[in-house]
Amino acid sequence: MSDTAEVTRVDAPARGGAFRRVAAERWRWIVLAALFAAACYAPFQLVPFRVFQFTMVLVYAVALLGLNLLVGHAGQISLGHGAFFAVGAYGAAIMLDRFELPYPVTLPIAAAVAFVIGLALGLPAMRLRGLYLALVTLAMAIFLVPLLKRFEEVTGGSMGLTLPKPAPPAWTGLAEDQWLYFLALAVAVAAFLAAYSLMRSRVGRALHAIRDNEAAAETMGVRLSFYKTLAFAWSAMFAGAAGCVYTWVIGFVSPDSFAVTLSITLLAGLVVGGLGSLSGPLLGGLFVMFVPSISQDVNEAAPGVIFGLLIIAVMYVAPTGLAGLTGRAAHSIKKTLRRE
Amino acid sequence: MRVTAIGCTAVLLLAMTACGGREEAGTGTTATGQCQGQQTTGITDKSLKLGGIYPLSGPASAYGAIPKGIKAYFDFVNAEQNGIGGRKVEFLVRDDGYQPPKAVEEARRLVEQEKVFALFQTLGTPSTTATWDYADQQKVPQVFVATGASTWGTDTAHPWTIGWQPNYVSEARVYAQYLKQEKPEAKVAVLFQNDDFGKDLLGGFKRAIEGTQVKIVAEQSYEVTDPSVDPQMSNLAESKADVFLNVTTPKFGSQALAADAKNTSWNPVHIVNNVAASVTVLKPVGFENVQGVVSSTYYKDPNDPTWRSDQEMMRYQAKMKQYAPDADPAVPYHAFGWAVASSFHKAMEAAKCPTREGLRDSVRALNDVQVDMLLPGVTMSTGPDDGFPIESMQLMTFKGERWELFGDVIDTRKEFGPLTG
Numbered sequence: 001m002s003d004t005a006e007v008t009r010v011d012a013p014a015r016g017g018a019f020r021r022v023a024a025e026r027w028r029w030i031v032l033a034a035l036f037a038a039a040c041y042a043p044f045q046l047v048p049f050r051v052f053q054f055t056m057v058l059v060y061a062v063a064l065l066g067l068n069l070l071v072g073h074a075g076q077i078s079l080g081h082g083a084f085f086a087v088g089a090y091g092a093a094i095m096l097d098r099f100e101l102p103y104p105v106t107l108p109i110a111a112a113v114a115f116v117i118g119l120a121l122g123l124p125a126m127r128l129r130g131l132y133l134a135l136v137t138l139a140m141a142i143f144l145v146p147l148l149k150r151f152e153e154v155t156g157g158s159m160g161l162t163l164p165k166p167a168p169p170a171w172t173g174l175a176e177d178q179w180l181y182f183l184a185l186a187v188a189v190a191a192f193l194a195a196y197s198l199m200r201s202r203v204g205r206a207l208h209a210i211r212d213n214e215a216a217a218e219t220m221g222v223r224l225s226f227y228k229t230l231a232f233a234w235s236a237m238f239a240g241a242a243g244c245v246y247t248w249v250i251g252f253v254s255p256d257s258f259a260v261t262l263s264i265t266l267l268a269g270l271v272v273g274g275l276g277s278l279s280g281p282l283l284g285g286l287f288v289m290f291v292p293s294i295s296q297d298v299n300e301a302a303p304g305v306i307f308g309l310l311i312i313a314v315m316y317v318a319p320t321g322l323a324g325l326t327g328r329a330a331h332s333i334k335k336t337l338r339r340e
Numbered sequence: 001m002r003v004t005a006i007g008c009t010a011v012l013l014l015a016m017t018a019c020g021g022r023e024e025a026g027t028g029t030t031a032t033g034q035c036q037g038q039q040t041t042g043i044t045d046k047s048l049k050l051g052g053i054y055p056l057s058g059p060a061s062a063y064g065a066i067p068k069g070i071k072a073y074f075d076f077v078n079a080e081q082n083g084i085g086g087r088k089v090e091f092l093v094r095d096d097g098y099q100p101p102k103a104v105e106e107a108r109r110l111v112e113q114e115k116v117f118a119l120f121q122t123l124g125t126p127s128t129t130a131t132w133d134y135a136d137q138q139k140v141p142q143v144f145v146a147t148g149a150s151t152w153g154t155d156t157a158h159p160w161t162i163g164w165q166p167n168y169v170s171e172a173r174v175y176a177q178y179l180k181q182e183k184p185e186a187k188v189a190v191l192f193q194n195d196d197f198g199k200d201l202l203g204g205f206k207r208a209i210e211g212t213q214v215k216i217v218a219e220q221s222y223e224v225t226d227p228s229v230d231p232q233m234s235n236l237a238e239s240k241a242d243v244f245l246n247v248t249t250p251k252f253g254s255q256a257l258a259a260d261a262k263n264t265s266w267n268p269v270h271i272v273n274n275v276a277a278s279v280t281v282l283k284p285v286g287f288e289n290v291q292g293v294v295s296s297t298y299y300k301d302p303n304d305p306t307w308r309s310d311q312e313m314m315r316y317q318a319k320m321k322q323y324a325p326d327a328d329p330a331v332p333y334h335a336f337g338w339a340v341a342s343s344f345h346k347a348m349e350a351a352k353c354p355t356r357e358g359l360r361d362s363v364r365a366l367n368d369v370q371v372d373m374l375l376p377g378v379t380m381s382t383g384p385d386d387g388f389p390i391e392s393m394q395l396m397t398f399k400g401e402r403w404e405l406f407g408d409v410i411d412t413r414k415e416f417g418p419l420t421g
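Chains as they are written, first to last, in this note's numbering: chain A, 1 to 340; chain B, 1 to 421.
Any given hint could turn out to be false.
[To be verified] The calculated DMTMM-like cross-link candidates involving lysine to aspartate or glutamate, where the alpha carbons are at most 25 Å apart (straight line), are:
| hint | chain 1 | residue 1 | chain 2 | residue 2 |
| --- | --- | --- | --- | --- |
| 1 | B | Lys88 | A | Glu152 |
| 2 | B | Lys251 | B | Glu288 |
| 3 | B | Lys199 | A | Glu176 |
| 4 | A | Lys165 | B | Glu288 |
| 5 | A | Lys165 | B | Glu112 |
| 6 | B | Lys199 | A | Asp97 |
| 7 | B | Lys199 | A | Asp297 |
| 8 | B | Lys115 | A | Glu152 |
| 9 | B | Lys139 | A | Glu152 |
| 10 | A | Lys165 | B | Asp155 |
These are calculated hints, taken from the structure and not from any lab test.
Full structure from sequences and hints, please.
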């Protein structure tokens with residue numbers, strides 16, 4: 001990588017040009033580094049309430065990353081992603097409440113449990129497609145709430161479970177909200193790296209092939225059932241991890257937190273954020289977190305209506321989602337930089 | 001290039017973390033003089049900022065009518081009585097869509113960003129449970145929460161949170177008292193919603209009839225997701241009980257009333273709980289089918305002609321028209337809001353210190369406080385080991401096209417002793 005950078009630098013006619021060229025070549029990394037630096041710096045500048053909001057954005061972004069894998073990359077539809085989110089959240093809550101495990105342990109276990117359940121529920125995905133699959137996943141989301149209410153000894157019934165939040169270690173000198181934020185940030189970065197490398201591997205190419213044309217993919221030797229089930233399991237795993245962090249942050253789970261609306265909001269957030277792009281989940285997370293409260297500021301009486309109208313507006317202005325919009329903006333900036 | 005970028009970020013990060021965490025910003029203000037050291041965030045000599053969290057959207061959005069009544073009351077007090085003790089009340093309303101995580105976010109927004117003096121009402125048991133730890137941690141009063149769970153009063157770990165309306169256990173005691181007097185050998189069949197609400201009420205009823213001749217002979221539960229309660233109703237009918245206790249939310253309340261009306265071979269005394277006792281629940285069943293149904297209440301119904309010439313009701317009707325012209329004063333939720341807002345008014349006036357601590361202590365030291373929107377004889381009382389402001393209710397029976405009060409106000413405190421966890 002750095003070799004090519006050297007070459008461009010040598011070939012550049014003038015110094016300013018060289019800088020522009022480097023910027024054009026490496027803009028992705030520069031933006032990412034800047035974003036990461038800003039993300040690390042932000043909690044020291046913002047009030048706790050804002051830090052909490054951004055923590056939730058990261059939580060939603062991780063969940064959307066999983067959904068993106070399934071919907072955006074593998075082309076399968078899921079209206080039940082909130083159920084996997086709930087599995088992670090309740091998994092963590094039960095581990096913390098009943099078994100009193102230390103909270104870092106809950107993350108891998110919650111993710112693993114969600115993975116296994118995703119694998120099992122991924123089986124119908126092999127046989128069903130389109131609307132039929134959507135219905136099965138929707139049924140999952142609907143049936144989860146009464147299920148959680150039923151096993152009261154374990155899940156706390158409809159009163160839910162209240163849990164202590166992870167306390168920041170003394171050596172960090174951080175406040176509780178900042179510590180939770182960095183925990184969420186660490187999980188989000190790990191999840192983004194995992195999704196990124198997954199998409200650049202054989203698996204990513206296989207999933208894209210399935211999305212674009214199943215028959216062609218099969219002819220090329222992609223095992224449809226295997227990859228579809230796997231995509232389900234992975235997406236569930238991301239949702240489970242997000243659910244676990246959610247429990248750390250909110251410190252309370254109840255069946256009503258994971259109703260069907262959650263699944264639908266997640267899907268809407270992803271589509272608005274941008275299907276199939278890596279920045280889509282992050283933008284979707286921002287959308288899911290901030291737009292409902294903005295729409296409430298616009299009209300107190302009917303926040304739902306404004307929220308719906310905003311979704312329509314975004315889809316109309318940016319049919320590829322917000323990621324497509326920023327992608328286009330970035331493209332035009334790149335072009336300006338390239339111009340000499 | 002990539003390495004340098006990452007390296008730079010790492011150095012930057014280290015430098016930042018070295019600066020340490022956030023300086024503990026002394027966000028709140030404190031009082032001086034007699035109330036020294038107590039929190040005065042959100043309150044000045046001229047203003048008082050309150051925040052409420054309600055489901056304005058989503059499945060429970062019918063309750064979104066409550067804050068309209070509250071707002072109308074505070075607007076009226078601000079305009080015509082120079083606020084509460086000279087302090088103009090600013091009441092902020094946020095929507096949580098009945099979702100606990102949203103309630104947490106909104107509570108933090110109100111406390112940290114809007115810097116409200118107190119959370120005046122969070123609605124629903126899930127949203128209140130999700131936020132009361134936070135209120136406790138921040139030492140912000142969370143007063144008169146709009147849910148009837150008995151947890152708010154029996155819990156001792158959250159001194160900043162308190163309920164208002166009669167809790168489900170007290171309501172159950174009212175029905176038990178009624179049966180003890182009118183039907184001492186009653187055989188009761190119960191239909192209840194299988195959640196905290198249903199179990200709270202049923203559990204309270206069971207404890208209240210202990211040691212009496214009143215017996216529960218059949219009980220059936222249903223889930224909120226069930227399409228109908230007809231199978232449960234036919235099971236209960238087989239018990240041949242002479243009293244039917246209907247512990248349901250509105251939709252299922254209607255179904256149970258209809259099923260009871262249809263079954264002519266089983267005619268028990270039908271008691272429907274307050275949650276499902278609104279006229280809108282009874283109407284689809286047909287008024288001729290619900291004559292004589294019994295329930296209980298604690299505040300004045302704006303539709304009840306008994307109160308037509310009642311001073312407070314006339315004031316409510318007039319001020320609602322003036323300050324909330326697009327709201328229909330006949331909606332009982334508005335009257336509920338009006339009643340709870342005037343209760344807050346009384347509690348705030350009684351506070352020794354105009355501070356958060358002052359309000360916390362004041363709502364726990366109410367001594368027979370009269371609120372005009374409540375039924376005559378229903379007053380608010382709390383104490384060190386009594387966290388329930390209202391524990392009295394009056395029975396009512398359905399006659400013609402409306403509820404009619406009967407008997408005396410039943411003070412469950414007096415009849416059954418204090419309610420403890």
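Hint check results:
1. With a C-alpha separation of about 46 Å, the suggested pair Lys88(B) and Glu152(A) falls outside the 25 Å cut-off, and the hint is violated.
2. With a CA separation close to 19 Å, the supplied pair Lys251(B) and Glu288(B) stays within the 25 Å bound.
3. Distance check on the hinted pair: Lys199(B) and Glu176(A) sit about 36 Å apart at the alpha-carbon level, beyond 25 Å; violated.
4. For the proposed pair Lys165(A) and Glu288(B), the alpha carbon gap of about 55 Å is over 25 Å, so the pair is violated.
5. For the proposed pair Lys165(A) and Glu112(B), the alpha carbon gap of about 19 Å is at most 25 Å, so the pair holds.
6. With a CA separation close to 23 Å, the supplied pair Lys199(B) and Asp97(A) stays within the 25 Å bound.
7. Between the alpha carbons of Lys199(B) and Asp297(A) the distance comes to roughly 38 Å, so the proposed pair goes past 25 Å and is violated.
8. Annotation: proposed proximity of Lys115(B) to Glu152(A) is violated, straight-line Cα distance about 37 Å (limit 25 Å).
9. This hinted pair does not check out: Lys139(B) and Glu152(A) have alpha carbons roughly 31 Å apart, beyond 25 Å.
10. Restraint check for Lys165(A) and Asp155(B): satisfied, since their Cα atoms lie roughly 20 Å apart, inside the 25 Å limit.
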